[in-house]
Amino acid sequence: AQKITQTQPGMFVQEKEAVTLDCTYDTSDQSYGLFWYKQPSSGEMIFLIYQGSYDEQNATEGRYSLNFQKARKSANLVISASQLGDSAMYFCAMREGWSVGGFKTIFGAGTRLFVKA
Amino acid sequence: DTAVSQTPKYLVTQMGNDKSIKCEQNLGHDTMYWYKQDSKKFLKIMFSYNNKELIINETVPNRFSPKSPDKAHLNLHINSLELGDSAVYFCASSQGVALAKNIQYFGAGTRLSVL
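As you go down the protein sequences, you meet chains A and B in turn.
Be aware that the first sequence starts at 1, since it is given in my numbering, and climbs by one per residue.
Be aware that the second sequence starts at 118, since it is given in my numbering, and climbs by one per residue.
It is worth saying that the hints were derived from the structure and are not from the lab.
Be aware that one or more of the hints could be misleading.
As the list claims (entries may be wrong) - Interface residues of chain B toward chain A, partial, derived using beta-carbon atoms under 10 Å: (1) Val129; (2) Met132; (3) Asn143; (4) Gln154; (5) Asp187; (6) Lys188; (7) Gly224.
All C-beta atoms in this analysis are idealised placements derived from N, C-alpha and C, irrespective of residue type, glycine included.
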């Protein structure tokens, strides 16, 4: 069964607008972490943002924020004021607590974001 | 200074050969990882070491053997390369294995092409 689901294979957004990339996850554990990574066309993987399952506030890092809805098991990434350099592949990932998933981080299939000038 | 560096960046080789990919991190992290990214961009964990001890060993062929001589290094040796091994291999490191310390920092990737 898919543990991380990213339903949008590709997304377009106009420069300077905000965009939401969807991510839903599946776990029976109470303790887990959620991550977003960016992979530009150059190929490197860049960490963007982290949300712990017990964190009460939604995580924010500059123009990135994570819309964490625990009951719905969703962890959407919001990018505000999109820039051309945001065009990339975005991966949602989850690390379950030791009791369930061990130490593995599971990645979603990714969403390719295109920012239009 | 590059935090997680892996070499080589590109590796083109013939089927049946043996090759190694090296990885070094200068972040002082305790945990290191190898991932494989296939042609559809799907990223999957292969191995992980914490303080030089193997903690994740996914179902990969035993032609793949990781080696961690110290906390800062995790190398990947591949024997008898096959066409299906063609992929991008990423090394990563994290502070530790606790959730909040599990933010992983990746190397630039090694694109392996087996002909």
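Comparing the hints with the structure gives:
1. Val129: Violated - the Cβ of B/Val129 stays beyond 10 Å from chain A, reaching only about 16 Å at its closest.
2. Met132: Because about 24 Å separates B/Met132 from the closest Cβ in chain A, which is outside the 10 Å limit, the hint is violated.
3. Asn143: 16 Å, violated
4. Gln154: Since chain A brings a Cβ to about 9 Å from B/Gln154, closer than 10 Å, the hint holds.
5. Asp187: 20 Å, violated
6. Lys188: With a closest approach of 16 Å, the B/Lys188 hint is violated.
7. Gly224: 8 Å, holds
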